[in-house]
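Undergrad: Chain residues, written in single-letter form:
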Amino acid sequence: MNPADNRIRLSLTRPDFQLDVDLALPAHGITVLYGASGSGKTSVLRCVAGLERAHNALVRIDGVVWQDDASGIFLPPWQRPLGYVFQEASLFEHLDVRGNLAYGQKRTASGAPAIALDAVIDLLGIGHLMQRRVQQLSGGERQRVAIARALATQPRLLLLDEPLAALDQARRQDILPWLERLRDELKIPMLYVTHAADEVARLADSLVALDQGRIQAAGPTADVLARIDTPVVLGDDAGALLHGTVAERDARWHLARVDFGGGSLWLRDSGLAVGQRVRLRVLARDVSLATEVPHHTSIQNLLLATVDSIATDAHPSQALVRVACGGAMLLSRITARAVSTLGLVPGRAVWAQVKSVALVE
Amino acid sequence: MPFSPDDLSAIWLTLKLATLTTALLLVLATPLAWWLARTTSRWRAPLGAVVTLPLVLPPTVLGFYLLVTLGPHGWIGQLTQFLGLGTLPFTFGGLLLASLIYSLPFAVQPLQNAFEAIGPRPLEVAATLRATPLDAFFTVVLPLSRRGFVTAGILTFAHTVGEFGVVLMIGGNIPDKTRVVSTQIYGHVEALAYTQAHWLAGSMVLFSFVVLLGLSLLNRRHTRVMP
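As they're listed, the protein sequences go chains U and X. Under the working numbering, residues 1 to 361 are what the first sequence spells out, in order. Under the working numbering, residues 1 to 227 are what the second sequence spells out, in order.
What the hints contain is simulated information worked out from the structure, not anything from laboratory work. Just so you know, not all the hints are guaranteed correct.
A few chain X residues that face chain U, going by a derived Cβ cut-off under 8 Å, partial list only [what the hints assert, rightly or not]:
1) 86
2) 87
3) 121
4) 122
5) 124
6) 125
7) 127
8) 128
9) 129
10) 130
11) 131
12) 140
13) 144
Non-contacting residues of chain X with respect to chain U, defined by C-beta distances greater than 10 Å in every case (computed) [to be verified]:
14) 32
15) 43
16) 135
Glycine included, every Cβ here is placed at the ideal spot set by N, Cα and C.
The following block holds chain U by itself, in its conformation from the complex (with noise of 0.2 Å):
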């Protein structure tokens, strides 16, 4: 399948705001929709699942048209092969949890199924809540429980709609592996509103960054992480994300070592396993350059990299400075000041010095 399968365009004009977008989704995999509140995010949900009518939309998934103004067609939201996971726990009050999955599954055209239930209520792990009434599960099990019910009717599509929203942040913690999970091993597409720079840095394949109804950045996370043309992105958490391999342990010191395209890393050893594949968060705040090798110090973490450009960061004091390390990219946030005292110009070789690196899986 190539990615032109999945084609969502679309405009939606409100008295006091304008949406559009043009997305691609992968085949398989969760493009995150980011953004403010009023940003559009749900609204783009809600036009695809046609919920709401947006107009000039094409809305194409896996090669099968489901609404293309131009020609007049609109499925309405029964007809579209889709699941969608709303904010808020949705599952029906009248059922307990097995009427719920039941419900979709069983107006869902016959045909070979592409997930079996049984595989569904494994994969989210609520085998032993079947029999449960809804209004006996916690805030985290209703969520696989809206999950699975959507998984069951064998969607060609999965929107979710900021699903970790009501939750505390312990549940928060329950269900992000389930979603992990998901992300491995369905192959369909996953369209996932969230605001949350975590859910971001920890479920995202694709990143897709909305602001006031119009896409400002869209592309793989680690790509769209490391602009620093838009400032989006995420803010105070702006900072990059590295896919690497677990390499070493160092059992005296209770460290482990991370390599990726540009070089390696240390970080606390959280007992994995060499060999893994892993996801490192590296924020911009925790990452100071030097021009000259830093001798001395305390951080373990040294990197020689190229600067590839400067931009002004939200404050007129601060700027955001993209360096090459390797092939990947690392954000540094400095002030303005260092950049004029040290010199900084883009093709310039400098020493990052990495104070704090995140495992966000």
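Dock chain X against the given chain U, drawing on the hints supplied.
TA: Below, chain X alone, put in the same frame as chain U:
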């Protein structure tokens, strides 16, 4: 035997009238309440007010206008005569029609409240689970608003049993046709048959008390279940 054959006939007629009114009204009020709960039309407020009118109008006013429109010179009366049905006043059919109008708000308002409480979200969820709107109405909206239907049914039944003014205006007081319990009591009192009146009136008090008690127990049980 505390009840005379006339009394029993009145009780039977009352139950028949209340049952038919309740059954018909639940069917008729459902789409009306649904529309009122969901529409954004500018006709919502005026129509809502018309539906509520029987609640505040004196029954005699309602009965008077029904008598006029259903009578031989009224436009509905002309229509029923044209269709060969005769005129409706002083028949059971006329009484039933009057009861439907008189009890309409008691059916519509609990249903409308129930539909509004459900909100649009469960329907959207159902739509994303492949349910057509009609399917979703029967499999999601109806079960979720069951309590509203029970309340509407009980209130309509009880209110119909308790009507008097409209019955007197439109039904007259014809034994076996339009003489219900409330008018029968009136007859007993007029005839100074206080013992007979006591039996019927006492039964009405007991009936109404049981209905209201049941309704409040029902509501309390449901609120307890809610988290």
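Undergrad: Hints first: check each against the structure and report whether it holds.
TA: Now for the hints, and whether the structure bears them out:
1. 86: Not OK, violated: residue 86(X) not within 8 Å of chain U, min 47 Å.
2. 87: With a closest approach of 46 Å, the residue 87(X) hint is violated.
3. 121: 6 Å, holds
4. 122: 7 Å, holds
5. 124: 5 Å, holds
6. 125: 5 Å, holds
7. 127: 4 Å, holds
8. 128: Residue 128(X) check passes; min Cβ-Cβ to chain U is 4 Å, inside 8 Å.
9. 129: Nearest chain U Cβ about 3 Å off; hint holds.
10. 130: Status holds, d = 4 Å.
11. 131: Nearest chain U Cβ about 6 Å off; hint holds.
12. 140: 6 Å, holds
13. 144: Where the cut-off is 8 Å and the nearest Cβ of chain U is about 6 Å from residue 144(X), the hint holds.
14. 32: 23 Å, holds
15. 43: 23 Å, holds
16. 135: Residue 135(X) is in fact no farther than 10 Å from some Cβ atom of chain U, at 8 Å.
Of the hints listed earlier, those the structure fails to meet are numbers 1, 2, 16, in rising order.
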